[in-house]
Amino acid sequence: MGLPLFNASDDPGPSFATFAERAGLVGAEWGSTSSTHATTVVAVRYLGGVVMVADRQATSSYIASRDVRKIEAADHNTAIAISGSAARGMEFIRMAQLSFEHYEKMTDSALSLKGKANYLSPLVQRNNLGTPLTVIPLLAGWDPSYNDGRIFEYDGAGGCYERRDFATIGSGSPFAESALRLGYRTDLDRDSAIDLGALAVYEAGDNDPSTGGPDFVRNIFPMIVTIDERGFAELPDDEVRRRFATINERRTQSQGVAGGSLR
Amino acid sequence: MTNFFYVSPEQLIKDRAEFAQKGIARGRSIVAAIYDVGVVMVAENTSASLNKISEIYDRIAFAGVGRYNEFDRLREAGIRWADGTGFTYSREDVDARALANYYAQHVGDMFTEGQKPLEVEILVAQLGSALRPTKLYRIAYEGTISDEARFAVLGGDAETIKSRFVAAQSDVAPLAETLRHAVDALSGPDRTIEVVDLEVCVLEDRGTRRTFNRLSDQRVGELLGP
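First to last, the sequence lines map onto chains A and B.
According to this note's numbering, the first sequence is numbered sequentially starting from 1.
According to this note's numbering, the second sequence is numbered sequentially starting from 1.
What the hints contain is simulated information worked out from the structure, not anything from laboratory work.
The model shown is predicted, which means the values in this text are computed figures rather than measured ones.
Heads up, a few of these hints could be off.
Claimed, not checked - Cβ-to-Cβ under 7 Å is the rule here; a few derived chain A residues that face chain B:
{"hint": "1", "residue": "F19"}
{"hint": "2", "residue": "A23"}
{"hint": "3", "residue": "V240"}
Claimed, not checked - Quick look at which bits of chain B chain A covers, simulated, 3 or more residues with Cβ under 8 Å:
{"hint": "4", "stretch": "78-92"}
{"hint": "5", "stretch": "151-157"}
{"hint": "6", "stretch": "194-201"}
We put the beta carbon where it would ideally sit given N, CA and C, even for glycine.
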């Protein structure tokens with residue numbers, strides 16, 4: 001690539017996606033429907049932040065991978081998760097991470113959280129309307145201008161909606177969503193939000209064939225991250241293991257029945 | 001009817017060089033120096049928002065003197081080139097030498113073929129890693145590129161500032177000392193530059209991917225001491 005200089009009239013500005021398209025870095029949208037990647041990711045707001053939990057399984061006609069990371073830090077205080085096509089999802093995360101950094105370097109100021117959320121809309125739209133390899137992201141972050149954790153979900157056509165409680169994406173959504181609906185309260189603290197999020201993904205893993213639950217044999221567990229005032233942080237493996245072991249133990253005691261109280 | 005007068009190539013180059021030098025000499029200079037664990041860039045800049053020094057990539061920084069609109073456009077092109085290259089290949093494939101060469105080609109082309117030469121002098125600094133050495137590439141208005149060993153000075157008064165810096169510091173030193181010598185070299189013996197009129201940025205490893213850091217006035221004050 002040569003030095004990308006533009007005239008003032010056709011300058012792509014600080015948007016990396018616009019520049020990448022102009023420079024031919026991103027290809028035309030073609031594809032087959034064979035490589036899907038089913039998922040469950042949940043985001044739950046609590047007092048002082050947002051927790052996100054995602055299963056680790058990639059599924060095509062069989063289990064393609066058991067240790068996929070579906071949540072990544074988009075920058076210091078923003079997390080992005082993906083569901084849908086694995087290939088497209090990974091590129092989507094890369095594009096989002098790079099775009100936020102690109103904007104910051106070009107303008108010497110960081111994008112607002114709302115600005116990041118809106119920026120993803122046309123990327124989702126362009127991807128999903130141009131190819132069967134659909135991607136649905138989920139964006140959660142700490143908004144320093146509001147001192148609050150915020151969640152943004154998207155529909156398949158790129159519509160961006162802010163959620164004040166919780167959001168789910170992926171094939172296991174119906175099950176995760178039900179667990180969250182029953183367990184969510186507006187005054188959740190960090191600890192109970194993590195437990196609720198973990199339970200929602202456990203439920204999805206239990207019911208949805210394309211969502212992986214905790215894997216005690218291989219020691220692979222859904223990933224849990226929190227985003228608060230101090231930024232993005234992933235929970236250490238042993239803590240994640242302990243939380244899922246507790247849920248699993250309760251479920252074993254009740255012989256697989258969740259009913260009665262929410263557990 | 002239009003008349004074309006013959007101008008010898010020698011004269012043309014001389015005129016263009018004079019024009020560019022004059023434009024560059026109007027602005028304040030920049031000193032960039034390698035210190036024991038990083039690279040520091042110091043500019044005299046009365047504006048707190050129109051920067052002369054910026055981040056290009058994880059381990060690459062940019063500095064420019066002369067006409068702001070001209071070097072800022074080069075800065076933007078550099079960020080696009082670096083982010084584009086890293087996106088297409090890998091982050092570790094982004095090399096300051098390649099960027100410096102592109103800059104040199106463009107600035108050189110503008111010098112010989114442009115309506116007018118660019119009135120800028122720029123620096124591409126790279127913090128070393130396991131893959132690449134720490135480097136300071138200076139690109140002059142006519143497109144010559146030079147690989148400066150320990151420090152580089154950009155701007156009209158470069159020779160004087162250079163000799164002042166060499167006299168003060170003969171080897172690589174820690175940040176505070178290097179910064180003090182750089183500021184002294186910029187100001188000269190008869191003048192002091194206020195901390196608020198300094199723009200100071202460093203490339204230094206701090207356990208994160210990105211190494212560029214713009215130092216606050218407070219931090220610069222602390223480093224310079226009383």
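Do the hints match the structure? See the list:
no. : hint    : result
1   : F19     : holds, 6 Å
2   : A23     : holds, 6 Å
3   : V240    : violated, 24 Å
4   : 78-92   : holds (count 10)
5   : 151-157 : violated (count 0)
6   : 194-201 : violated (count 0)
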